[in-house]
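Engineer: Sequence order for the protein chains is A and B.
Using my numbering, you'd call the opening residue of the first sequence number 1 and step up by one each time.
Using my numbering, you'd call the opening residue of the second sequence number 1 and step up by one each time.
Treat the hints with caution; some may be incorrect.
[To be verified] Cross-link-like lysine-lysine pairs, in silico, DSS-like; alpha carbons within 30 Å at most:
1. B:Lys50 - A:Lys58
2. A:Lys84 - A:Lys58
3. B:Lys129 - A:Lys67
4. B:Lys72 - B:Lys47
5. A:Lys11 - B:Lys183
6. B:Lys50 - B:Lys183
7. B:Lys47 - A:Lys58
8. A:Lys67 - B:Lys72
9. A:Lys11 - A:Lys58
10. B:Lys72 - A:Lys11
11. A:Lys84 - A:Lys67
12. B:Lys129 - B:Lys183
13. A:Lys11 - A:Lys67
[As the list claims (entries may be wrong)] Listed next, the stretches of chain B that the computed footprint assigns to chain A, with coverage defined by at least 3 CB atoms under 8 Å from CB atoms of chain A:
14. 38 to 50
15. 107 to 113
[Said to hold, decoys possible] Some residues of chain B that are not near chain A, with every Cβ distance over 10 Å (derived):
16. Thr35
17. Glu78
18. Cys123
19. Asn146
20. Ile190
21. Gln194
Honestly, the hints are just simulated from the structure, not real lab data.
Note that the Cβ used here is the ideal one computed from N, Cα and C, for glycine as well.
Here's the letter readout for the chains.
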Amino acid sequence: MESLMQDLKAKIIGQLNLQHLSPEQIGDDEPLFVDGLGLDSIDALELIVMLQQHYGIKIANPEEGPKIFRSVRSIAEYVMAHQKVG
Amino acid sequence: MNYITSWCRIRQNAVTANGQTVFEDRASGLPDFLTNTYRYLQIDYPKFYKMDRLCQLGFLAAEVMLRGRTLKEEYPPESVAVVLANRHSSLDTDVRYQESMSGIPSPALFVYTLPNIVIGEICIRHQIKGENTFFVQEQFDIPFLNDYTGQLLEQGAALAVIGGWVDVFQDQYEAFLYLAGQKQTPGSVIHNRQNVSALYGIVDAGS
């Protein structure tokens, strides 16, 4: 889980062009939208692309988005629950 | 009578404002040059990193041109117009977006596949709410731009105008912006074709 969260932070920085941040500056439970990192709706689309590209996960129900992308930890939990084994 | 009170030119890895060299970075390619300029200027605007190169170039030119002044304190936001032009439209990003379509197309790239987005980025940063227009031309048509911006000022459609040329395609790039308005400041020159040409060409205008 810890390793996955570190991996996610690095990928989020790369995918969303957040070069002003380092992975250490993103808290595991920090909100990604609004108050926390201040991501926007385009970033949300990029996060969906990131899950598909790097983890092979398609989000079937868009209404789950706010819950999945609440924080790095919530994304990691979703990846662990949905990533195909092998 | 209207006056050009500030101008900025970015080309050949050098940033010039009001006739003075602000920053040079001869060794870098365009992406690094833009990022190094941003860091040199100590701007705190993380959205810069998300912009495409056309927007980064226009953003930096506006930033340097308006450095040390707050436009909204000089003119009502609704009275400031932005009129820009270039040769390559958003082709630099269009090509990269097309390439991304071989996999999963990038939404973040897609939002920059229009040339006038650079105007939007400048307006957001400087809280400008006036008329804006972006022209795509074969080459920088100074008489046309001067007449268009002059007409906006003379007819009262705007009290100030940011005009200029912001063009990027692959390794080719150039930005030239000027601020023209009713207010005269020390060092300002009259807004006319001759002075816009002089500032663009040799950065040594007379009034």
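Engineer: Each hint should be assessed against the structure and marked as holding or not.
Structural biologist: Checked hints:
1. B:Lys50 - A:Lys58: Within the cut-off at roughly 24 Å; holds.
2. A:Lys84 - A:Lys58: holds, 11 Å
3. B:Lys129 - A:Lys67: The hint is violated at about 36 Å.
4. B:Lys72 - B:Lys47: It holds: about 21 Å lies between the C-alpha atoms, which stays within 30 Å.
5. A:Lys11 - B:Lys183: violated, 49 Å
6. B:Lys50 - B:Lys183: violated, 34 Å
7. B:Lys47 - A:Lys58: With a Cα-Cα distance of about 27 Å, the restraint between Lys47 (chain B) and Lys58 (chain A) holds, given a limit of 30 Å.
8. A:Lys67 - B:Lys72: Not satisfied, since the Cα-Cα distance of roughly 39 Å exceeds 30 Å.
9. A:Lys11 - A:Lys58: holds, 17 Å
10. B:Lys72 - A:Lys11: It is violated: about 38 Å lies between the C-alpha atoms, which goes past 30 Å.
11. A:Lys84 - A:Lys67: Answer holds: Lys84 (chain A) to Lys67 (chain A) is near 21 Å, not above 30 Å.
12. B:Lys129 - B:Lys183: Roughly 19 Å separates the two Cα atoms, so the pair holds.
13. A:Lys11 - A:Lys67: holds, 19 Å
14. 38 to 50: Coverage by chain A holds here, the residue count being 3 at a Cβ distance below 8 Å.
15. 107 to 113: holds (count 3)
16. Thr35: With a cut-off of 10 Å, Thr35 (chain B) comes too close to chain A, as the shortest Cβ separation is near 8 Å.
17. Glu78: Given a closest Cβ separation of 25 Å, the condition holds.
18. Cys123: Check passes; 17 Å lies beyond 10 Å.
19. Asn146: holds, 36 Å
20. Ile190: holds, 41 Å
21. Gln194: holds, 42 Å
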